[in-house]
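Put together the whole structure using the sequences plus the hints.
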Amino acid sequence: MAPSDKKDGAEKYAHMSLDELQKECRERDIEFQENTGKDGLIALLLKDDNKGPDWAEVFADLLCHTSLSYEGTLRRTIPQIEAIRSRLGKNISLKIGMPGLFGGALEKPIQENDGKPPKLSEFMAFASAFDVIK
Amino acid sequence: MAKKEAVKPVDLPVMVGIGDDFKAKGKSYEVKPLLLAHIPLFMKDNISLDVQIFNMTNEKAKKTVDKWLGEVTTEVEGKKITAHYCLDENGEPMSLDKAMADGWDLADLRNFFKKLCDMSG
Numbered sequence: 001m002a003p004s005d006k007k008d009g010a011e012k013y014a015h016m017s018l019d020e021l022q023k024e025c026r027e028r029d030i031e032f033q034e035n036t037g038k039d040g041l042i043a044l045l046l047k048d049d050n051k052g053p054d055w056a057e058v059f060a061d062l063l064c065h066t067s068l069s070y071e072g073t074l075r076r077t078i079p080q081i082e083a084i085r086s087r088l089g090k091n092i093s094l095k096i097g098m099p100g101l102f103g104g105a106l107e108k109p110i111q112e113n114d115g116k117p118p119k120l121s122e123f124m125a126f127a128s129a130f131d132v133i134k
Numbered sequence: 135m136a137k138k139e140a141v142k143p144v145d146l147p148v149m150v151g152i153g154d155d156f157k158a159k160g161k162s163y164e165v166k167p168l169l170l171a172h173i174p175l176f177m178k179d180n181i182s183l184d185v186q187i188f189n190m191t192n193e194k195a196k197k198t199v200d201k202w203l204g205e206v207t208t209e210v211e212g213k214k215i216t217a218h219y220c221l222d223e224n225g226e227p228m229s230l231d232k233a234m235a236d237g238w239d240l241a242d243l244r245n246f247f248k249k250l251c252d253m254s255g
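Protein chains in written order, with our numbering: chain G, 1 to 134; chain H, 135 to 255.
No lab work stands behind these hints, which were simulated from the structure alone.
Ideal placement from N, C-alpha and C gives every residue a C-beta, glycine not left out.
Heads up, a few of these hints could be off.
Said to hold, decoys possible - Not the full set, but computed from the structure, chain G residues with beta-carbon under 10 Å of chain H:
1) T66
2) Y70
3) S93
4) A127
Okay, here's the thing in structure tokens:
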């Protein structure tokens, strides 16, 4: 079974042996050469982790097992769809579609001046000063 | 009979589609999760989620930010699907002008987009 934590990097597979990695690849129907090393298998698993969900399957589940219409489904949010599908016993992790979104990058503080970031109005005034250079 | 796998309880506001609080410059705003219909549009708009300067340097980018703070509409099979993802304390949709009037800085704008993405899945 794949590790269920939300680590994005290779570290979540680092503790697995070569046999375990091969078993995981087989369970997920990932093709690999028998002589592929640990790093190669981890790369394949990470690629598989980042592939998007099968939205046709998601829509089919909702259309067939609930009274939601196609349009009604479009008006739902991902957390709502995940909640409904988990009650149907379906557990594909749905994502907005941006792998590594805010993957730590947002933890960096914005460059500040005098202890405060510039106001939007201040920044726009600054940016508009360059409008004449065209 | 097979044992049913435990599922995590989901709060009612999530199922109803009520948003979450977002604070900026002492004021409280409501941010709502993206509707499925609007996710492709959000991706297409290519908003810079980390460095907000890129969202403010030209008119097209500013209009995009204004749209996501205010009203977003898309048409699917001839039907318009509209949503407001950022509401002020009176429940009115925000706009870039309103955000500037409320004294938002680039960090507030980034926090808004972060919240929007975090709660959207």
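Evaluated hints:
1. Proximity of T66/G to chain H is violated relative to the hint, the smallest CB-CB distance being about 13 Å (cut-off 10 Å).
2. Evaluation of the Y70/G hint against chain H yields a held restraint, the C-beta minimum of about 8 Å falling below 10 Å.
3. The closest approach between the C-beta of S93/G and any C-beta of chain H is roughly 9 Å, which is under the 10 Å cut-off, so the hint is satisfied.
4. Because the beta carbon of A127/G sits about 5 Å from the nearest beta carbon in chain H, less than 10 Å, this interface hint is met.
In the structure shown, a violation is registered for the earlier hint numbered 1 alone.
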